[in-house]
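J.: What follows is the residue order along each chain.
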Amino acid sequence: MINLIWFSMMFAGLVVAALTGKIETVTETIFSSSENAVGIAISLISILTFWLGMMKIIEKSGMINIVVAILRPFANFLYPNIPRNHHVMNAILMNMSANLLGMGSAATPFGLKAMQGLQELNGDPETASDEMCTFLAVNTSSLTLVPTTVIALRSAAGSLNPTEIVGTTIVATFCSTAVAITLDRLLRRFYRNGRKGRKR
Amino acid sequence: MLQIITQTMAAWVIPAFIFCSLVYAFFKRVDVFDTFIEGAKEGFATSVKLIPFLVGMLVAVGILRASGAMELIIIQITPILEIFNIPGEVVPLAIMRPISGSGALGIAAEILTSKGPDSFIGRVASTMQGSTDTTLFILTVYFGSVGIRRTRHALAVGLLADFAGFVGAVVICNMVFR
Chain A
25 MINLIWFSMM FAGLVVAALT GKIETVTETI FSSSENAVGI AISLISILTF WLGMMKIIEK
85 SGMINIVVAI LRPFANFLYP NIPRNHHVMN AILMNMSANL LGMGSAATPF GLKAMQGLQE
145 LNGDPETASD EMCTFLAVNT SSLTLVPTTV IALRSAAGSL NPTEIVGTTI VATFCSTAVA
205 ITLDRLLRRF YRNGRKGRKR
Chain B
182 MLQIITQTMA AWVIPAFIFC SLVYAFFKRV DVFDTFIEGA KEGFATSVKL IPFLVGMLVA
242 VGILRASGAM ELIIIQITPI LEIFNIPGEV VPLAIMRPIS GSGALGIAAE ILTSKGPDSF
302 IGRVASTMQG STDTTLFILT VYFGSVGIRR TRHALAVGLL ADFAGFVGAV VICNMVFR
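Protein chains in written order, with the numbering used here: chain A, 25 to 224; chain B, 182 to 359.
Careful: at least some of the hints might be erroneous.
Unchecked claim - Some residues of chain B that are not near chain A, with every Cβ distance over 10 angstroms (derived): (1) Leu245; (2) Ala250; (3) Ile255; (4) Ile256; (5) Gln257; (6) Ile261; (7) Leu262; (8) Phe265; (9) Asn266; (10) Pro268; (11) Gly269; (12) Glu270; (13) Ile302; (14) Gln310; (15) Asp314; (16) Leu320.
As the list claims (entries may be wrong) - With a straight-line Cα cutoff of 20 angstroms, these simulated SDA-like cross-link-like pairs (lysine to any residue) come out: (17) B:Lys222 x A:Gly77; (18) B:Lys222 x A:Phe55; (19) B:Lys296 x B:Val236; (20) A:Lys84 x B:Lys222; (21) B:Lys230 x A:Ser70.
None of these hints come from the bench; they were simulated from the model.
Note that beta-carbon positions come from the ideal geometry of N, C-alpha and C, so glycine has one too.
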C-alpha cells in the first residue's frame, strides 16, 4: 500500500513537472527536501531522548500502575465479557495507559500481548472476536493525552509554543475514539462471528 | 474562554506530569537519573531510524508540491472539503495518516517547516497528527500477530474514526485558534 502511494506521489510529481516546464525544480527540490528531512530527524533526537528517559522512570517507579487503576472501570465497560481477573486485562490496561501518555513504542508490545490473551478467549482463531475489534477500535483511534511526537516535531520546527495543540488534540482524539467505540458497537451485529449467520 | 482553558491546560499538563512522575519515582526509591539515562539512550537510535522515512516522504511531497501537482489535486477535492471546512493543505496528511505513521510524520514535518508550526495550517496539521494512530499498521500487526484472517468491521471502524478525528481537529482548531 505504502509502496503504491509513494510511487504515485513521485510519478505524479515528475510527470506534472515535465509537462508544466518546471523540470529544473526537481533536482533542486530533492536536495533541499532531503536536507530538510535529516535536519528534522537530528532535532528530534534531543526531545525524544528526554521523553524516553522520562518514560523509563514512569515504568520503573510503578506510576504506570496508578494509571492502570484509574482506567479499570472504563476497561470493564468496554470489555464486559472478559473475566474480571483474566490476565489479558492487565495487558489491555497497560496498552491503554501507554497510549494515553503518548508512549507509542511502549503501547505496541502491550497491545500484542493483549491480542494473544484475547486469542485464548476467542472461539474461532481465524475470525476476530468482538473484544478484539473493540480493542483495535480503541487503539487505531488512539486516545492520547500527551502527543509527545507532535510536540517534539513542533519544537524542532521552531514553534514558539509547541504544546499549544495539546488541548485541541485531546478534543479531536475524543471525537475519533467516541466514534470508534460507537461504530464498533453498532457494526458488530452486521459483521457476525465465524460461519453461523455471517450477513456480509 | 475555550482558548484560555486549552492554553492553560497545554502549559501545565507537561510540567505537572514531569513533576509528579519524578516525585513519585523518588519516593519509590528509583534511581531516577540512572533510569532516565537507561531510557534516554534509545532516543538517538529511534530518531536516526526515522531518517530514511523522512527523506523518502519529504522528497516525494516536495516534488509533488514544487511541480504544481499538489495544487491540481487540491483543486479537484476542495469543494468536498469545503463542506467540512478542511483546509486543502492538510489533505495529503489526512490521506496518509491512516496508512503510514512515518509517512504521515514526514508530511506533518513538511507542513510545519513550510507553513510554520504556529500558523493555522500548522496547528491543524499538528492536531490531526496527534489525535489518531496509523490504522492500517495497527490492524496488520495486531491481527497478524495472532493469525486472524477475518477482521470483520475493524478496518471500517478504524477509517471512519480517523475521518471523525480529522473533522474534529478542524472544527476545534477553528474554534480555538481563529
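J.: Work down the list of hints and note, for each, if the structure agrees.
T.: We went through each hint and held it up to the structure:
Once the 10 angstroms rule is applied to beta carbons, Leu245 of chain B is inconsistent with being away from chain A; the minimum gap is 4 angstroms. Non-interface status of Ala250 of chain B relative to chain A is broken: a Cβ of that chain comes within 10 angstroms, the nearest being about 4 angstroms off. Even its closest Cβ contact with chain A, about 12 angstroms, leaves Ile255 of chain B beyond 10 angstroms, as expected for a residue assigned away from the interface. Non-interface status of Ile256 of chain B relative to chain A is upheld: no Cβ of that chain comes within 10 angstroms, the nearest being about 13 angstroms off.
Every CB of chain A lies more than 10 angstroms from the CB of Gln257 of chain B, the least distance being 12 angstroms, so the non-interface label holds. Every Cβ of chain A is farther than 10 angstroms from the Cβ of Ile261 of chain B; the closest lies at roughly 19 angstroms, confirming the non-interface assignment. At roughly 16 angstroms, the least C-beta separation between Leu262 of chain B and chain A is larger than 10 angstroms, which holds for a residue marked as non-interface. The beta carbon of Phe265 of chain B sits about 13 angstroms from the closest Cβ of chain A, which is more than 10 angstroms, so the claim that it is off the interface holds.
Every Cβ of chain A is farther than 10 angstroms from the Cβ of Asn266 of chain B; the closest lies at roughly 14 angstroms, confirming the non-interface assignment. No Cβ of chain A comes within 10 angstroms of the Cβ of Pro268 of chain B; the nearest lies about 14 angstroms off, and the non-interface call holds. Every C-beta of chain A lies more than 10 angstroms from that of Gly269 of chain B, the closest at about 16 angstroms, which supports listing it as non-interface. At roughly 15 angstroms, the least C-beta separation between Glu270 of chain B and chain A is larger than 10 angstroms, which holds for a residue marked as non-interface.
Every C-beta of chain A lies more than 10 angstroms from that of Ile302 of chain B, the closest at about 12 angstroms, which supports listing it as non-interface. Against the 10 angstroms criterion, Gln310 of chain B falls within the reach of chain A, whose nearest CB is about 5 angstroms from its own CB. Not every C-beta of chain A lies more than 10 angstroms from that of Asp314 of chain B, the closest at about 4 angstroms, which undercuts listing it as non-interface. The non-interface label for Leu320 of chain B is inconsistent with chain A: the shortest C-beta to C-beta separation is roughly 6 angstroms, within 10 angstroms.
Under the criterion of a C-alpha separation no larger than 20 angstroms, the hint pairing Lys222 of chain B with Gly77 of chain A is consistent with the structure, at around 8 angstroms. Distance hint between Lys222 of chain B and Phe55 of chain A is unfulfilled; the C-alpha atoms sit about 30 angstroms from each other, more than 20 angstroms. Between Lys296 of chain B and Val236 of chain B, the direct Cα distance comes to roughly 18 angstroms. Compliance with the 20 angstroms bound is thereby established for this hinted pair. With a CA separation close to 16 angstroms, the supplied pair Lys84 of chain A and Lys222 of chain B stays within the 20 angstroms bound.
A threshold of 20 angstroms between alpha carbons decides the hint, and for Lys230 of chain B with Ser70 of chain A the separation of about 14 angstroms falls inside it, so the pair holds.
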